[in-house]
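Asker: 4 is the number of the first residue of the sequence shown in our numbering; add one for each residue after it.
FYI, nobody ran anything at the bench for these hints, they're computed from the structure. There may be inaccurate statements among the hints.
For lysine-lysine, the following DSS-like pairs were computed, each having C-alpha atoms within a straight-line distance of at most 30 Å [unchecked claim]:
id	residue 1	residue 2
1	91	11
2	34	120
3	7	71
4	140	127
5	29	58
6	29	127
7	143	71
8	127	144
9	127	71
10	58	127
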Amino acid sequence: MGQKTHPKGFRLITTQNHLSEWYGNKLIYPKLIEEDFFIREKITNDFQNFLSIAKIQINRINQSESNKEYVNITISALFPRAKDMYRKVAKYFTENTDNPSSKTISLLNNNKGTLKKFTSLLLKRNIRSVIRSLQNKTQKKLFYFN
């Protein structure tokens, strides 16, 4: 039997970068790997209904003088098609609001410009909730970029 090598293993450093860029002491290395896995799983689970995520990059910056660690998360995703977003956003607002007004639903169904606003509002709300939950779990400062 032959042994198979993952194709990405050949491409690392030459044509592609690692998805995590940080250095850690051997004593905390398993903990950081576990945190990276948790961050990736949380993001993919929370955004699987709205976005097609291509990759999640995690960069850790260690501030030695203040003894704090900052985590930068970069999400590369495709913005969904308008037809799919109509259904997803309308479904989200009807399920998650207590009494959805007919005006809100008509705005969702009629104008494409308002759909983009509702979508960006919804994504920002999800990003804030994910960042808050990750900060509570890891006790580190997390940043996101629009």
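Asker: For the pair supplied as a hint, residue 7 and residue 71, is the alpha-carbon distance within the 30 Å limit?
Answerer: It is violated: about 41 Å lies between the C-alpha atoms, which goes past 30 Å.
Asker: Against the 30 Å threshold, does the CA-CA distance of residue 58 and residue 127 hold or violate the hint?
Answerer: Holds, at about 18 Å.
Asker: Hint check: residue 127 vs residue 144, CA-CA at most 30 Å. Holds or violated?
Answerer: 18 Å, holds
Asker: Holds or violated: residue 34 with residue 120, Cα cutoff 30 Å?
Answerer: Cα-Cα ~38 Å, so violated.
Asker: What's the verdict on residue 143 and residue 71, does the C-alpha distance respect the 30 Å limit or exceed it?
Answerer: Distance ~8 Å between residue 143 and residue 71 Cα, so the pair holds.
Asker: Is it true that the CA of residue 127 sits at most 30 Å from the CA of residue 71?
Answerer: 26 Å, holds
Asker: Hinted pair, alpha-carbon criterion (30 Å max): residue 91, residue 11. Please report holds or violated.
Answerer: 33 Å, violated
Asker: Next pair to validate is residue 29 with residue 127; report whether the Cα-Cα distance is within 30 Å.
Answerer: 36 Å, violated
Asker: For the pair we were handed, residue 29 and residue 58, check the Cα-Cα distance against 30 Å.
Answerer: Holds. Residue 29 to residue 58 sits at ~26 Å (cutoff 30 Å).
Asker: Hint check: residue 140 vs residue 127, CA-CA at most 30 Å. Holds or violated?
Answerer: Between residue 140 and residue 127 the Cα gap is close to 20 Å, so the pair holds against 30 Å.
Hint compliance for this structure: hints 1, 2, 3, 6 are broken, all remaining hints hold.
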